[in-house]
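With the hints as extra help, turn the sequences into a complete structure.
Chains as they are written, first to last, in the working numbering: chain A, 1 to 1017; chain B, 1018 to 1074; chain C, 1075 to 1263.
What the hints contain is simulated information worked out from the structure, not anything from laboratory work. Any given hint might turn out to be false.
So, partial list: chain A residues that the calculated Cβ filter (under 7 Å) puts toward chain B [to be verified]:
#1 E86
#2 E87
#3 A93
#4 Y95
#5 V496
#6 I497
#7 Y553
#8 L556
#9 H557
#10 V561
#11 V733
#12 K734
#13 D735
Simulated pairs of lysine-lysine, DSBU-like, Cα-Cα distance not exceeding 30 Å [what the hints assert, rightly or not]:
#14 K1063(B) / K159(A)
#15 K400(A) / K1070(B)
#16 K678(A) / K1061(B)
#17 K182(A) / K211(A)
#18 K75(A) / K1206(C)
#19 K75(A) / K1250(C)
#20 K1024(B) / K53(A)
#21 K1070(B) / K952(A)
#22 K1061(B) / K53(A)
#23 K1000(A) / K741(A)
#24 K952(A) / K1250(C)
#25 K75(A) / K1126(C)
#26 K75(A) / K1061(B)
#27 K1145(C) / K1070(B)
#28 K45(A) / K1032(B)
#29 K1206(C) / K773(A)
Distance windows between CB atoms, simulated [stated by the list, open to error]:
#30 D39(A) / G1031(B): 57 to 67 Å
#31 E77(A) / D1167(C): 41 to 51 Å
#32 D1236(C) / D947(A): 28 to 38 Å
We treat Cβ as the ideally placed atom computed from N, Cα and C, and that holds for glycine.
As a plain string of letters, each chain reads:
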Amino acid sequence: MDDYSKLSNNKLWKSLKEFHNEDDVLKMKHDEFLDGVTDEFDSSKLSGISRRKFFALLSASAALTATACTNYRDKGEIIPYNKRPEEILPGAANYYASTCNGCSLSCGILIKTREGRPIKVEGNPDHPVSRGKICAKGQASILDLYDPERLKAPYFNGKETSWKNVDSTVINILNETQKNGKQIAIVTDTIVSPTAKKVLDDFTAKYQNTKIYSYSLVNDFIRRQAWSECYGTDEYPAVKFDDANIILTLDADFLGNEGNYIENMRKYVSKREVVDKLNFNRLYAAEGRMSSTGMMADYRLKVAPSQQLNFVLGIIYELNKINPHLQLDKSISARLKKFSLLDSADGEKFKHLIKDLNDNRGKSIIYAGDSLSKDVHLAVNYLNEVLGNTILYDYKSSFKNIVKHSTKEEITSLINSMNQGKVGIIIHYESNPVYTMPKDFGYESALKNVKTVISLTVSENESSAYANYTLPTNHSFEAWGDAYAREGFYSLQQPVISPIFNSRQKESVLLSWISANPNSYQEDIYHQYLMKSFNSDVFVKANSLADAKTFWYSALHDGIVRKNGTRQITRFNNIVLNNIKEIIPGNNFIVHLTESYFVGDGRFANNGWLQELPHPVSKITWDNYASISPITAKQLNVQMNDFIEVSLDGRKLVLPALIQPGVHERTINIELGYGRTKAGEVGKNVGFNSVELMTKNWVYSPFLFENASIRKSEGSHKLVSTQEHHSLDDTFVKDFHYSRKIIQEGTLEKYIKEPNFLNEEKENLVSITNEIKYTGHKWAMAIDLNKCTGCSACISSCNVENNIAVVGKEQVERGREMQWIRIDRYYSGQPDNPIVSNQPMLCQHCDNAPCENVCPVNATNHSPDGLNQMVYNRCVGTRYCSNNCPYKVRRFNFFNHRDHFADAYYDNDLTSLMYNPEVTVRSRGVMEKCTFCVQKIMEARSNAIRDGKELKGSDVVTACQQACPTNAITFGDANDPASQIAKLRKHNLSYHVLEELNVKPNVTYIAKLRNTHSEEK
Amino acid sequence: MENIDRKNFFKTIGKGALIVALSSALPIKFFSKAAHLSRQSNPKIKIHPSAVKRNKA
Amino acid sequence: MKRTVLDYALKIRLPLTLFIIAVSFILTFYISRAERDSVGYAPEQPIKFSHKLHAGQMSIDCQYCHIGVSKERHAIIPSVNICMNCHSVARKDKPEIIKLTHYYNEGIPIPWKRIHKVPEYAYFNHSVHVNKKIDCASCHGDLKQMEVVNQVKAFTMTACLDCHRNPSAYLPYLSKVNLGPENCSACHR
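The following block contains the structure:
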C-alpha cells in the first residue's frame, strides 16, 4: 500500500533516456514535433481564414444562391397594345404597296409588315413592268432600313444639332447666297419622280440662283443621246423581247444588269418554254466580258467592246451580200467595212447569225449595251430599221426621262464656279459625287472652296464627309414618293413605318426651306404636296367616277395608276449615219467598267447580304477584281489573286486579277461600286475603287477605255469565291458535272428528234428498304434550268425570309457561308469560250435522306408530307448529317453569327427588328438548311382550315419561287395529279441530281436545251 | 516541402480559374467601342398613320 | 479477411453512388415538376381581372376579347381599348376600374403576367385548334369558374402529344376528330 502512495509523487518516465534526464529528452519535451519535421512550416504562410470562417462563408453563399432561384415559374409578362391600331392584328402580316428606290427602274413592291415592322419585300403583281418580281438588290434593301449606322440626327460640323437650328441657319444662308449673287447648286442622282422635280422647280423659283445638276455613276445617257439623234426623242421604247425569235446582244447584259432586267428576263423566257409547249428563241451574245447574258446565250461570240461598231458594220455588209434587196442608205454602203468573223474561231456562229437575222426580219432584235459608244447605238438602230425590227419597239412603255443628266460641260462649269468661289452653297441631294464622279473633274478639291456644303443622305458617305451639315433623310420605306419611270402608268410610294430616327424626307427638307420659315415644318408636308400634285396631274385627267380622296386611297392601295400615253412614232433620221465615228482598234487592252450586280453603284456597300451574294459568273463575294482571259494571264505570268496594275493615260488602279474563262483576250472587265472609304463598318474598304480609272474626257463612252496597259504588280489579294475554281484543263475534274449527270443538257434539235433522249440511260434503281407511301400532301419542287439566269433573287429572298446570317469574308473563305440556296455554275468546253451552266442547289428533301439516318439525336427526320425536318433545339452539332449529304446543302452555325460578324454589328436592338418572327433565329452549334419554307406551308394550312377549304399545293409559294423573275421554280403538291409540279416531275426532260445514289430527291430539274443548229452543243 | 508545393500549385490554378470565370462574366461589351452599336436602346416603332393597307390576295 | 479495392468499391462506393444518383434524380424531378409543366401557376395580375365574372356570370364570349384565336397563330391578350368598350361607363368607381382607366388615359399598356406559355422553339397555332372546334376549356380549364387564372393542364410536349395521338379521349364532345400531327415540323420549325 505504501508503495502506491509513494508512486503518486513519483515522476513518470517513458524511456530510459528520460529516467536519466538526458538533455535532449528535455529539449524534445519542449517541441511537439521531431527535428526537421517543421522546417518548412511558416505560420505566416497560413491562410487567414479559420475553419469556422470558411464554413460560414460556404453556407452563406449556398443560402444566397438558393434565394436567387426565386420564382422559377415566372414566364415574364405578356403585354398587349394600349390602343390597338385598327389595321394591326398581332401575328398577322400586312402588305403595303410601294415603289422600290434601289435604282431608277422603280419596280413596284409589296412591303410585308408584322406589328408595324417591315420584314420582307416582294414584288407588286399589279405593276405592269415588273409584274410581281424584284431583283436581289430590292429583296435585300430592307437591311438598309435597319442599318445600325444610319444617321439618326442632323450634324453640324461633326456635332449633333437640331433640325430647328439647321433650318433657320440654312434658310439664312440661302437668302444670303441669293443676295450675294452666288450660285446655289443642288447635285442629285437620277430623278424618276415628277413630284420631286416639281419640288426642285419650286426651289429654283424661290431661290433663283439655284442650278440643278443630275449625275449618276451608271446611266443610259449614251442610249438616250443616240435615240434622240435617230428619232428625235430621248425616251427610248421598251423592246418586246417576247416577240423576238432572234436576239443579238452587243455587250448588253439585258438579262443580268441592264435596262429593266426583271422585265427582260420575263420576256426572254416566254420563248424558252419546254413544259406546256415548245417555243424557243435564239440568243446570240457578242461580248468581251463574261456576263449573265453570255452565260445564257445559245451562241456566244467574243467581240471586244471597241470592235462592236465594226462588228455591226460587218453584219450589215454580210446581210447585204446574202440579201441584196435590203434597202441600204447610200451613206452607209459607202462605209461598210468588211469586218468579218467568218475567218475567226467564231466564223460558224457568225454565219448562222447572218442567216438567222435575214430569215427573221421583223421578228428579231439587235440590242446594244449602255456602255458602248454612241456610234454603235446609231449603227444598231439603223440595222434594226433595215431589218424591220422596229415593230418590236414598244413606245407605249418607253423609258421616261424626268430630269436629264447634266452634260460634262455643265458639270465642268459647276466645278469651275466652285473653284472660283462663285458657289455659295452646295446641296448633295441623296447623291455621292465625291465617290461617283471621275477624279479629274476635281470635285473633291473644289468642295473645299464652297462655303457651305450640305449632304442629305440616309447614311454617311464620302460626300457627307466634306459636308458642314449632314442631314439624315428617310429610308424609302419611311418616305412618300412617286415614280414615272415608264410610259403608261404612275407608281406610288408610301411609307409603311414612321421615321425611326430623327430624319426627314429630302423633299420635305427642301419644302421647308422654300417656305423660308424654320417653324413651318410638319411631318406630312411632302405628303400633302404629293397629294395635291397627284390630284392636279393624275386625278383630274383620270376621269374617275370616284372623288379625289377615294381615288388617292385606291391608288395607294394598288400602288399603280394607269394613264394614257401615246407616243408618236418618228422616222429614222438617216443623216445620223454620217455621224458614225469609227474606233481605231488598238493593240492594247480595253477596260470595260460595269455596274456591280449586287452592290449597284456603291450604294449597297454597307449591306452585308448583298456583299455576300456570290457574283453570278465568278461566284466571288466581298470583292471586285479585274476579269482577264486565261491567255492574257499566261502572257503576263499572272495567277489568280495576283495584283495587277491597270493604267490608262496616267490613271492607275492596282487590283487582283481573276482569270475568267470566256473573256476576250484584250478585254479587262472591272466592276464599279467597290472601294468605298466611307460606307459603314461593313462596306468600307471592300474591293477596289474603279472610278479611279474613269475620266471626264472619255472618247467612246464613260465606261470603255482603249489603250490600257496592264502589268503584274507585287503581292496578291485573296479573292474569296463560294465555288472552287476547277481548272478546265484538269482532266480529272473536267466536265465532271456532265459525267456525273449533275447537269444534263441537250439541244433543241436533239429534243425534237428524240424527245426521250434524257431517259435512255436511266437506270432502274432498286431499294433495299421499305418504301414509305405518302398519302396526303407531298411537297416537291421543280426548277426549270432553261429559265435560270443566275440572277440570285431567290438567294436574296431566302436570306430575308429565313433570317440568314451574314458571316463575312473570312468565314466564306472557309466555306461557311450560311445561304440555304446557292447557284452552282459549271464550265465546260474550252476555256477561251466555255459553255456555262447554272443550277440552283438547295436541300433536296430526299425521301431516302442520308442525313436522317445518321443523326445521333434524331434532330432531323422526315415528315409525313415529304419534308425533311430540322429540329434546332434537338441538334447537338455533330455535323454528321452534313457529312452525309451528297449535295452539301446543309449549313452549320460555327459561330453565333449575330455576335461574331464584325463585332456583333448586326446584334443590336434595331437590326433585331428585321427578323421574320415565324422563323427561328439560329444560334451557335446547330445545323440548318432549306425547309421548303415550312412556315409558309403551315400558314397556308392554317388559313385553309380557317376558311374551311382544302389545302392546295398551289396555295403555298416559297420565298425563292416568289422571287424568281422567270418563274423557273415551281413548288407544290406532287400527289395532286392536276398540279403543275406533278406534270413537271413526269416531264421527259426532268431529272434528279445524283439520281444513282437512290436518295430519291424531291427537287426535279428540267434539263436545259440550247437552241443551236445541231444536235451537239 | 512537396505538400506546400502541391498546395501552391493548386492555389495558382484555383486563382486562375477564378479569374477566368469572373472575366468571362464581365460586361466587356459595355466598355468596348466597337460594340457601341449593339448597345443602342430599343428604337420606337410606329406604323405610319397614313399608310394604306393592301387587301387584295 | 483482407479488404480488396474491389470489395470497397462494390460494397461501399457503388451503393452510395447509386443512392446519391437516385435521390438527386427523384428530388430534382419532383421539385422541378412545377417549373416544367407549370400546373397551378397563378400569379398576381396588375389588375384583378376575374374571368368568373366576365366569362362566367356575364357570359361574354372568349373571342370577344381574344380576337386572334380563330384567325392566326396567336390568341391575343386584349388591348386596353377593348376593356374600355364597356368600362368607360361600367363600374367606373370601382378601384380596379380606376386603375384600368389610368392605364388607358396614360397610354401605358398593361403588363399582364404570362401564365400559359409554350416555349418559343415550338410554334403553337391557336387558329388550327379553334377552327377544328376544340373548346378553350379543353386546354385552359374551366375559366368560367376562375377568379384568378391558373394553369390547369401541363404544357409539356408529352401532354400535347397525348391529345394529338388520342384526341377522342380528350375531346369527347367532338363527334369526328382526326389525329393531330405527330411530326416535328408541325410545331418545331
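Hints, verified against the model:
1. Among the interface hints, the one on E86(A) is violated; its C-beta lies about 9 Å from the nearest C-beta in chain B, farther than the 7 Å criterion.
2. Interface hint status for E87(A): upheld, as the beta-carbon distance to the closest one in chain B is roughly 5 Å, under 7 Å.
3. Taken as an interface hint, A93(A) does not check out: its beta carbon lies about 10 Å from the nearest beta carbon of chain B, beyond 7 Å.
4. Satisfaction of the interface hint for Y95(A) is found here, the shortest Cβ-Cβ separation to chain B being roughly 4 Å, below the 7 Å cut-off.
5. Annotation: V496(A) was flagged as interfacial toward chain B, and the flag holds, the nearest CB pair being 5 Å apart, inside 7 Å.
6. Interface restraint check: I497(A) against chain B, minimum CB-CB distance 6 Å, threshold 7 Å, status holds.
7. For Y553(A), the suggested interface contact is upheld, since its CB lies about 5 Å from the closest CB of chain B, less than 7 Å.
8. A distance limit of 7 Å between C-beta atoms decides the matter here; for L556(A) the minimum to chain B is near 4 Å, and the interface restraint holds.
9. Interface restraint check for H557(A): the shortest CB-CB distance to chain B comes to about 5 Å, inside 7 Å, so the restraint holds.
10. Given hint, V561(A) at the interface with chain B, is violated; its Cβ is 13 Å from that chain's nearest Cβ, farther than 7 Å.
11. The beta carbon of V733(A) is not positioned within 7 Å of any beta carbon in chain B (closest approach about 42 Å), and the interface hint is therefore violated.
12. Interface restraint check: K734(A) against chain B, minimum CB-CB distance 46 Å, threshold 7 Å, status violated.
13. For D735(A), the interface hint is violated, since its Cβ never comes within 7 Å of a Cβ in chain B; the closest pair sits about 46 Å apart.
14. Note on K1063(B) and K159(A): the hinted pairing holds, with a Cα-Cα distance of about 27 Å set against a maximum of 30 Å.
15. Between K400(A) and K1070(B), the direct Cα distance comes to roughly 29 Å. Compliance with the 30 Å bound is thereby established for this hinted pair.
16. Taking the CA atoms of K678(A) and K1061(B), the gap is near 27 Å; set against the 30 Å cutoff, the hint holds.
17. The suggested pairing of K182(A) with K211(A) holds, with an alpha-carbon distance near 11 Å, which does not exceed 30 Å.
18. A distance of roughly 28 Å separates the Cα atoms of K75(A) and K1206(C); the hinted pair therefore holds under the 30 Å criterion.
19. Only pairs whose Cα atoms come within 30 Å are accepted, and K75(A) paired with K1250(C) is rejected, the gap being roughly 35 Å.
20. About 20 Å separates the Cα atoms of K1024(B) and K53(A), which keeps this hinted pair within 30 Å; it holds.
21. With a C-alpha separation of about 26 Å, the suggested pairing of K1070(B) with K952(A) holds against the 30 Å cut-off.
22. Among the hinted pairs, K1061(B) with K53(A) is inconsistent with the structure: their alpha-carbon atoms are about 52 Å apart, more than 30 Å.
23. The straight-line distance between the Cα atoms of K1000(A) and K741(A) is roughly 15 Å, inside the 30 Å bound, and the hint therefore holds.
24. Only pairs whose Cα atoms come within 30 Å are accepted, and K952(A) paired with K1250(C) is accepted, the gap being roughly 23 Å.
25. Our distance criterion of 30 Å between C-alpha atoms is met by K75(A) and K1126(C), whose separation comes to about 23 Å.
26. Only pairs whose Cα atoms come within 30 Å are accepted, and K75(A) paired with K1061(B) is accepted, the gap being roughly 24 Å.
27. Only pairs whose Cα atoms come within 30 Å are accepted, and K1145(C) paired with K1070(B) is accepted, the gap being roughly 18 Å.
28. Annotation: proposed proximity of K45(A) to K1032(B) holds, straight-line Cα distance about 17 Å (limit 30 Å).
29. For the hint linking K1206(C) to K773(A), the alpha-carbon distance of about 26 Å falls within 30 Å, and the restraint holds.
30. Taken as a hint, the range 57 to 67 Å is violated for the pair D39(A) and G1031(B), whose Cβ atoms sit roughly 26 Å apart.
31. E77(A) and D1167(C) have their C-beta atoms about 28 Å apart, which leaves the hinted 41 to 51 Å range violated.
32. Look at D1236(C) against D947(A): about 29 Å separates their beta carbons, and that is inside 28 to 38 Å.
In summary, the structure is inconsistent with hints 1, 3, 10, 11, 12, 13, 19, 22, 30, 31 from the numbered list given earlier, while agreeing with the others.
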